[in-house]
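Chains as they are written, first to last, in the UniProt record's numbering: chain A, 1 to 609; chain B, 1 to 609.
It is possible that some hints are incorrect.
Here are the computed distance ranges between Cβ atoms for each label pair [stated by the list, open to error]: (1) B:Ala113 <-> A:Ala456: 32 to 40 Å; (2) B:Ala456 <-> A:Thr119: 33 to 41 Å; (3) B:Glu38 <-> A:Glu453: 53 to 61 Å.
None of these hints come from the bench; they were simulated from the model. Glycine included, every Cβ here is placed at the ideal spot set by N, Cα and C.
2 protein chains.
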Amino acid sequence: MCGIVAAVAQRDVAPLLIAGLKELEYRGYDSAGLAVLEGNQVRRIRAKGKVREMESLYQADPFPGGTGIAHTRWATHGMPNEANAHPHVAGRVAIVHNGIIENYAPLREALQARGHVFTSETDTEVMAALIDARIDTGLGLREAVLAVVRELEGAYAIAVISRDEPDCVIGARRGAPLLVGVGIGENFLGSDAQALIQVTNKMIYLDEDDVVEITRERVQVFGLDGRPVERETHESELSADAVERGEYRHYMQKEIFEQPRAVADTLESRIGPHGVLPNIFGVGGDELLAKVRGVHIIACGTSYHAGLVAKYWIEEYARLPVAVEVASEYRYREAVVPADTLFVAISQSGETADTLAAMRESRRRGYLGTLAICNVPESSVVREADLKLMTRAGPEIGVASTKAFTTQLAALALLTLRLAHERGLDETRYLALCEQLQSLPRMIEQALQLEPEIQALAEHFIPRHHALFLGRGVQFPVALEGSLKLKEISYIHAEAYPAGELKHGPLALVDEDMPVVAVAPNGPLLDKLKSNLQEVRARGGELIVFADKAAPMDGNPSRGSVLRVDAGGEFIAPAVFTVPLQLLSYHVAVLRGTDVDQPRNLAKSVTVE
Amino acid sequence: MCGIVAAVAQRDVAPLLIAGLKELEYRGYDSAGLAVLEGNQVRRIRAKGKVREMESLYQADPFPGGTGIAHTRWATHGMPNEANAHPHVAGRVAIVHNGIIENYAPLREALQARGHVFTSETDTEVMAALIDARIDTGLGLREAVLAVVRELEGAYAIAVISRDEPDCVIGARRGAPLLVGVGIGENFLGSDAQALIQVTNKMIYLDEDDVVEITRERVQVFGLDGRPVERETHESELSADAVERGEYRHYMQKEIFEQPRAVADTLESRIGPHGVLPNIFGVGGDELLAKVRGVHIIACGTSYHAGLVAKYWIEEYARLPVAVEVASEYRYREAVVPADTLFVAISQSGETADTLAAMRESRRRGYLGTLAICNVPESSVVREADLKLMTRAGPEIGVASTKAFTTQLAALALLTLRLAHERGLDETRYLALCEQLQSLPRMIEQALQLEPEIQALAEHFIPRHHALFLGRGVQFPVALEGSLKLKEISYIHAEAYPAGELKHGPLALVDEDMPVVAVAPNGPLLDKLKSNLQEVRARGGELIVFADKAAPMDGNPSRGSVLRVDAGGEFIAPAVFTVPLQLLSYHVAVLRGTDVDQPRNLAKSVTVE
């Protein structure tokens, strides 16, 4: 997934494009580039690495021009070097592209057979050449783009300029986000509203298969058949204030410490002393939820782990069967959907390509309805769902998700309580769980105070290449999420197992070089977990145990440490235990000197498959 | 889990005990030991490591004695050293123990408070001391054991001798296997029938909480209340022929190459030209399966991966919802069971503690019925299930499971076809799938011929510490199983992901030191998988792709290799693709010089939690 910005204006657009790209770095930062029409000439600069690398090239040799396109890349086809960076140029055409063209190989071969020479390995250059070839046959830029996108298979958002038509940009989208920013005497395209909010607050969200032509004075949207279509203009509620790190060393650290507030915001006006408030999932929400007889939860990555926690919760408290599946698996198989099943999509950005596609696919599978749990109100997932519950985490900049996860847990806890109450959970127990959930911000606040101890612990991990994370029951997804954080930002190969599975294979990996991190809350599973830990200890493995304050543990293990966490109750324990694991990953990454907020190979939201 | 043998005979028993232990090394081989009563003296030898270490100690200084107990250990409490090896002695009592005593800590403290000094860290020594203390109060050995086991929490199988009663052995079991071998003028105890088949073929299977007293002439079984109970004697069908490696370097290699035969045996007389034969799951099986409206599959380790394949199969072909869960998770939470759900347990040994406990737990959760898929006809899981389908893999000696997995897949394919036919799968498609399944032994035979190519490929892994395995759809569990094999026997940290999840985190691990193994069969997901592989290639990762012969792949990747496998059809593809992954792990382990058949820390069947 990549980020796109385009502009047509009376002023020089290169600085606007660069400012927009910086807001899009969450989508990828392998390379960046821009192309501007200066008279009948295409001026292009590209650089490997982040946007600021490309920016310094521009500042060393700035150029004028009122029509331009720009791109920040997350490599899918070809290495992240300059030759593969966007924009790509063929003949009179320059293009930027987000997505993957699946049938590019035969199209490329056909062009090569006709003598075209390619300078990159990308599917994008194939599109540029195809559009240029159509213009050769006498078509205008818009008609040429329309003709080409009809041939494409896959997902794309593109912005295209031609030196023959210096006052317009053509955009098109299918399966990848693109919107129009409507300015005063100038117009823009961008992958999201954040990229354009510095120049306008009026947005037009494009639909699937829309093709758009922007000039200084006009925005025209067309269907794939070439006929004009109407699309509404919205005023965005985003604020143009830059998100600032403040006193924190990294956004990730800041976002970890924002969790008490973010979780409190997510719970605010949704739960009170008498329980979950009515219709917090939208108009008619409670009526629909009353009919639910089963739940399917679809998500990716960290959001998938939140879904796994919800499975344990909903099955235990609401006694409804729950299936959780990663979106990339769900969308390509014919899942069996029992009657009255609710479809729940979880996504921080609401633009995660697989999750969005899975939700669309779910429409023809006969669900009772769809519910989105999401952090971005204007996102596709939210716009297309029947019911929605917004997490109020605020913008999350660190690529490794933290407050998005705990606020998703808060939202899923609200869903659990609503369903449990509906299904006849004992009133006293219900109110006790509601009270427990309301204490979550406070318990997270307490867990954050463990930072100094965790920082000391993190030093053990500096020379390590591996780690195992163990949990049982609802703490197993917490172990999964803990290991994913460590992977993402410290590049340590961490893997999570339900503790009882250890002896069915992974125990072979345990020796003195393999630290084992265990999440050990109090409760009926504690003794079982302790037996599993004995198995590790007997093999000389180093143990790091995050144990509930109330859990009886036999002092410090011979090698390793026990850290005490006040879980605040069985229900909210998974959310509380997440926090020390986040801090552990953060401090290990800082000590190892990795790029904490923008780890290698990744991007913030994954808008390609 | 450990192995136990005990004997009371007129002849010297130490050689018999050692021969029995050798058959039990699949249960653990951290240390071994035996104790024999010579007159009123306890003679004991113990050694770290395999049984043959202990055997050479005995041969250097043999001793007589007709009453004895012996043990091969898989360490749970305490390091695998000599001091922690069994038998444990306290006062006049010697004991061997398989299992975990969960309340041993308070019992130990109480004894220490009364002045008892312990020589090991084990829960077992606590039991010995407790029994000895009971004898001090005037009880006989049997009464003392009865009194102590009533106090214990956890799982155990024990054999106990006392120098005050030189002509008897007391055994007891709860949650761990123990049976009696009935000889002529001599009697035995053992963890399984294989351990005793060299001295008798008559077996008495003990029930939960049984306590048994054996002397030369008599076997008496008692309930926990001390009253005699009746248990039937069975003739075992095991053959006393030793399982031989033959031409193969390791049992694992032999077992990989036995798969065509093992799978053919599993299908034999169960499927024919007109489909799956009637009632192959037992009397009344078809009638019960006709009522099934959903399936829960419970298993551990490799068997769990077989269950995951079955989920994809049953949902696709029979359109029934399937949930798969690891047994150690399932048994400790209140799973929601919709009406008319079938419970399926998968276990090679049929003694896997968690799977067995889950099956027992399922009894009170309201299932339609239970089905066991298992390799050992006389095992607890089989004896307790309503329906059963035996895999006919023959004895599996290598700790890393190979032919057990593919025969489980064959058995689950039969279940899928039976359910699909019942649920109205189109007859032509049904018969085509039946034909495909019958070709599986032949397709596995063909896949085995890739061995020389895979052997060459294995050299790439010698210096590696990590690997990622990718698959999509039904090939994801195959990737899981491939990564588990590599973990188990080569100690390389291999981890599997559904390919679409790569970019949601684990991609951060990919660099030139991280080989990525992908299973790429032909089919609608091929293009998606290829896009994921491009993401890896763009980060310099080395790709090893196992691709279907029919799948269009763009030649060799710049770094890495493409190996062609004839999958023989979409349905059986997961079983066929398993084989080259097994061969890869095997040859990597051989090249790295690990103990292939008995990898460190593991044991063949896991009869403790």
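Against the structure, the hints come out as follows:
no. : hint                              : in the structure
1   : B:Ala113 <-> A:Ala456: 32 to 40 Å : holds (36 Å)
2   : B:Ala456 <-> A:Thr119: 33 to 41 Å : holds (36 Å)
3   : B:Glu38 <-> A:Glu453: 53 to 61 Å  : holds (56 Å)
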